[in-house]
Structures are given as structure tokens and as C-alpha cells.
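All chains, please: the whole structure from these sequences, using the hints.
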Amino acid sequence: MAALFAQFDPLIAELLMLWQPATVLLIQDDADHYGQLVQARVAHCHLVRITDLHDWMQTSQHQETVADLVIIGCGMQALLKSTGMDLLGWLSYRSGAILAPILTFPTTSQDWPLDGPLPLSVWGRQDFAWSDACAHAYAEQSQLFLLRGLHLPLARFRHWITPLNRICPVDLLLANPCATLEEWVEPDPPVLLPTLDDLRCATDTAMAEQRVEESLGLIRHLKQQFPESNPFEGEFFGRVSAFVVNCFNGALSSGNLKEAERVITLILDVFPPNKELLHSALMIHIQLGQPEEALRIRERLIDYCQQHKDIEEEIAQRLYLVEHHLHRMQPLFALYSVNRILDLLLCGTLDAAKIDQIDGLIQRSRLVDTASLQPETMEMFFRVAIDNVRIRSILAPTPEDLPWPDVWFSSADGRLMDPTEVAAQAQQQGVRVLFFAAGDEIYVQRFGKLYAASILKSCDLPCQVVIHVIGAAERVTEVARSIGIVDARLIFSADRFDPTQVTSRCHTTPPFKAHPLAAHYQSARFLWLGYMLTLFERPMFVSDIDLILQRGVADLLATHARDDVVLLRDPHHPNYQTYNNKFHAGLIFFNPTPIARRMVRFMRHDLITALGQSEIDRWVDQVALMMSHHHIAALPEARVALFSPLDINHDLFVLTSYTETPYRFFALTNFIDFDIESYYKHFLVREPEWMAYVPGVLSS
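Going by the working numbering, the first residue of the sequence shown is number 4, and it counts up by one from there.
Hints in this document: simulated from the structure, not taken from any laboratory. Remember, it's a predicted structure, so these values are computed and weren't measured experimentally. One or more of the hints may lead you astray.
Said to hold, decoys possible - Pair by pair, the computed Cβ-Cβ distance ranges are:
#1 S257 / Q39: 17 to 27 Å
#2 E212 / P513: 27 to 37 Å
#3 S485 / H518: 19 to 29 Å
#4 P408 / E481: 37 to 47 Å
#5 L645 / D200: 53 to 63 Å
#6 D35 / S375: 51 to 61 Å
#7 Q23 / E326: 46 to 56 Å
#8 Q227 / N259: 17 to 27 Å
#9 Q377 / R478: 19 to 29 Å
Using N, Cα and C, we set each Cβ at its ideal position, and we do this for glycine too.
Here it is in C-alpha cells:
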């Protein structure tokens, strides 16, 4: 029966260490369980063991015995209630405190937790109401009662109960909490708790004398007594570490896995964990057949790996959980776990084995029941984001270009142009670099003028600016005139995109809500990118339209003359550690090379597939960019570079009017209210001298 009360052992051990009773009386102690506990915690205690309770109570020479602490082992249920109450009352006159573990009140005979005869009595909190001070702790099948005896001042009793709450919740029940109780109780002298140096000294002594139980108890007590400081430091830390490691290794070498589990649990509670310790604990729990404990250690190991950026280990542990415990997870945690593994894998280098791993993971994620999910939930966002990864396409041959829809061009002064005329004009002007952006008519009206003006002023090479107006085929000349910049270096294009034909739902991270057409509008520039690259045959910057150019790009083109593509990524930015933000679609540079064309074709094909789904991820453009990068990254001849930190800002700038910054490109995405006129005044100036010879060039 003692095993049922073993969960109170840490509580009793803490009490013994705080109290250090000189005399302890043990009554009916099953297998000397509490006797061993007392000897391990109170080395010089006088211990009296009572095995025959009835004989002892009737023996006259024991009538005047006074014990600091009485522990009634497992026998309260074996006594009649009247006998038990008499015993407790009799002991209260002859002790400082009485400790009684009692089985939880059974509601039916079938609830009795042990084989054998039913108990003679059942006990609850109400049976101890006669005691002026009683402490009570509760566990699943058992309770622990600590009653104050008449030889212990109430103040000291209270003083000992308070620290026990660090181990488990302990209620202090006072029958008469008023001050009159103190009138007949002798005032308790102040109790001096051991200092940090005292406990360190005691721990050193216990370790030197190889008193393992006492040493481990003192180590835990040090951590609990001084939680806000570091009790283990300097040479003392080295001695304690060596001791507990030797205890652990000794238990392992002797095959005592239970002892090894006890020691490794102490180590993980007291010292900062590391991967090796967590692996050792995991191995022991697995060998002992403790799946719940092993699961908790895996979760701690995952947290440790995520904190210390141990990617391979985190992938391995998360994969194990998904493969073996997916059915037990809540939908949100299950989909988050899959999504997190995809982040770790897709943000790294892929090979055929990892692609197989990702494909299996995505298939397994479909076992998560999401049929009842509402649209604007995190579970639905994860579900759609995971389904948006068509991983097998990475190893497939690059798809051929699909037929191009009709496209309309307009000069800056509102004159329709055909594609041949547009290409010829670029050739005549000696264009060296192309700037391409797209947006719906509202975005073009808001940012198009500033985007174009900044490039026309700051670019130090002959350039062409192309602004694509989504769905404005019938109004492209009107939109061009409304911008108000008449310059041969600026042209507009448009298509017949019809937003009323879009029936898909667009999802983003709650609590934010995505515009129904956000994914389509963001993807437009990449859907037309291949067309522009073929039409102009020039190096090309593809960007968001809410971007300004603040200095020239000649040095950038020279640096990346041999690269196929230059991507935007800040490896230190937390958002760029996720696969749908691995590369930012806000700025990309393409050279018109065969590799770049393959990447552009793949991206367009992936986007058309994604946008045709009924549920769409808000970041389909960035996922397509990531996938297309993986598609060409396997080619040995591919040359992919990254923008430098000063090529474009990654951080939020709180500016209300134009201010010079050190960045080549400056993104206005994070601005809500700013004085756009101050930007116009800075950038709307005449063309540079090198453009003077170009026929048809006009100023604003």
C-alpha cells in the first residue's frame, strides 16, 4: 500500500529537512518505507518503530513518551473510526505533529483501489475538524494530513507549512484562526533558515561521504530555496555536476534504470538542459516503457533545439511526433507541427530524399480532420498553406510556356502602342535595364507616380519603366495620362483580368483578413514577368509598386552581370525563417539567361495552378518564388545571388515626410500616413543629361 502514497515522498522529505525532528515515532510502517525516508533526510534522529499498535498503546511505560513527529504509516483504514479518532486524540498530547497518509474516500466498494478486504473506516477532511491546525494535501488516490500536536507552537507549524507549497499545493486548515489561540501557545522563537553557504557546505560534506540520497536531496533543496539566484556556480558547480553525473553513470552501469531515471530527472530540474541530457532521459523513459514521460521529454528537446537553432535534431523529433502521435494532437497543433517541419526543410537545401520526406509529410497532414474549420482560423491557414506546396513539381521537367493572353500598351502620354513598337523604342533609346511593377488601378494611382518618378530621377543607366495595370485593358491610356509624367522612358501595360470571375477564398494569418483578390494582385507581375523578359531582352528589376529608387544601379548590374537571378532575403529576420517568406517577392533582379527563363516559366506555371484552387494562401507569390528557386538550385550551372543589406530596407521606418536613407531601394509598404507630396517634390525633376539626346523624351 505504501506505493499509493509515494507521490507524497518529496513533500515529506522537504518537511523533514526543514524540521529536523530529534525523535520520530513510526506506527505500522509498511516495508519500513517512511523509516528509510527519515534516515535519509535526518541522519541523527532517534527513530522508534511501532509494529503492534494495540500492544503499544496498552503498555504503561510508553504512556509518557513524547515524539517530535508521529508518522502513521498505512493503518488508518484498518481501524474502526472510533478507535482511529481516539488514537489521534491520544497522540496529539504526546507529539509535536502527526503525519497520516489516508486513501481517498471511495464512493462505492468497486472504487476501493486495493485487492483484499474492504476498509473498516473511511476518512475525509471533516474528520480532522477537531484539530486547531491541520495541513492537507491531495493526490489522485490518496490524501496526506499533518496535524499539530500540543508540543508544537502554532507559529512554527505555520512556518513549516508555507514552504511545502513549492512541492505541491498544501491547504492550511485552522479551526480557530483568531488571535485567542496564541494566548496559551508559547511564542515561537525566530527560526533561522540555513543560508546558501550552509547548504553548500552540507552538500559538499554529503557528497564527499557518498551519502547519495542526502546529497541529491540537498541539491534539489538548494535550487528550491534560492530560485531567484544561481546556487550552483564556480568550483561548487563543477563538484555537483561531477557527482550527479557519476550517480547517473553508476546507475546505468549497474542496470538500475529506475535510479538513473530519478537522477536524470533531478539534473533536468536543477541544471539548464542540453541535448545530451535530454537524449539520456528520453532513452531511459523509452526503456522503462513510460510513453507519456518520453513524450514530455521530446517536447522539451524540441523547445531546446528551436531555441538553439539545432535544425536537424528539431526536424527529427518533430517528424517522430507527427508520424507516431498525429492522431492524438489537436488539429491546430498537428497542422502547426507539419508547417514547422516544412519551414525547416524548405528553408534549407533540398535533395530527392528530402523531397520524398516532404511529400510524405504533406500526405500525412491530410489525415488531420479539418472538415469543420471556419475560414478565418489558424488551422485553415495552415491547411491551405501546406496544400499550396506542390513539392513533386520541383524535380519535374520545367514546364513549357502557356499561351499568353492579350496585352495592351500605352505611352506615358496616353497613346496606344503595340508590342513591336514598344520593343523597338527600347532598342532606339539604348535601354540597359528594365523596371517592372504591377498593381490594380487604385494602387497604380496611389504609388505609380512616385515609383516611376524616383526611378527616372535616380537611375544612372538608360532605363525603361513598365507599370502593369491589372484588369485595365479598356482604360490603360486614361490611366497613363492620369499619372501625369510624360516621358518616353515610362510606358504602361494592361490585361483583361476580371475580378468578378474569382470565386476562391484567400486566407492569411488571423486575426488579419486578406482581401479576396490579394493573392491574384500580388501574383500579377510574376504572371507577366516572362512576357516582359522576352519582349525587352534586358536585365530586369521586378518589384512591388510601393517602392522608390534612391540611387543608381550601374554598380549593382556590374556586380551581378554573371548571375541569373538576385533574390531578397535577410537570413536574420524571423519572418524569413518560414517557407512562405524564405524569399521576399518585393524585389527581384533577373538577367535574361536560359536559367532565369526556366525559373520564370516554373513560377508562372505554379502560380496559375495555385490561383485555380478554391482555397488560396495569401502568400502564393512568395511560395512560388521559393519553389522556383528550388527548381533551378539543383542545376550546377545556376547562379543565384542575394541583395546586400543596403540594397533595400527590411525594417520599419517611421517617417512622415521625405527623408534620405542609406538604402538603394526604399519600401513604403509599412507606411500608413506620410506626406507623399514631399516625395513628389524631391523626385519630380527633369531627366538626367545622358537622356537629352533621346527623341520624344518630355518632362513632367
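### Message
Holds or violated: the 17 to 27 Å window for the beta-carbon distance between S257 and Q39?
### Response
Since the Cβ atoms of S257 and Q39 sit about 19 Å apart, the hinted range of 17 to 27 Å holds.
### CB-CB spacing for E481 and P408 relative to the 37 to 47 Å hint
violated (21 Å)
### Query
Is it true that the C-beta distance of D35 to S375 lies inside 51 to 61 Å, as the hint says?
Given a distance of about 57 Å, which is inside 51 to 61 Å, the answer is holds.
### Task
Determine whether the Cβ-Cβ distance between E212 and P513 falls within the hinted range of 27 to 37 Å.
violated (60 Å)
### Message
Assuming the hint says 53 to 63 Å, is it satisfied by the Cβ distance from L645 to D200 or not?
### Response
Given a distance of about 55 Å, which is inside 53 to 63 Å, the answer is holds.
### Query
Falls inside 46 to 56 Å, the C-beta gap from Q23 to E326?
holds (52 Å)
### Message
Looking only at beta-carbon atoms, does the pair Q227, N259 fall within the given range of 17 to 27 Å?
### Response
holds (25 Å)
### Task
Note whether the CB distance of Q377 and R478 lies within 19 to 29 Å or breaks it.
Check failed, 38 Å falls outside 19 to 29 Å.
### Query
In this structure, is the beta-carbon distance linking S485 and H518 contained in 19 to 29 Å?
holds (23 Å)
Hint compliance for this structure: hints 2, 4, 9 are broken, all remaining hints hold.
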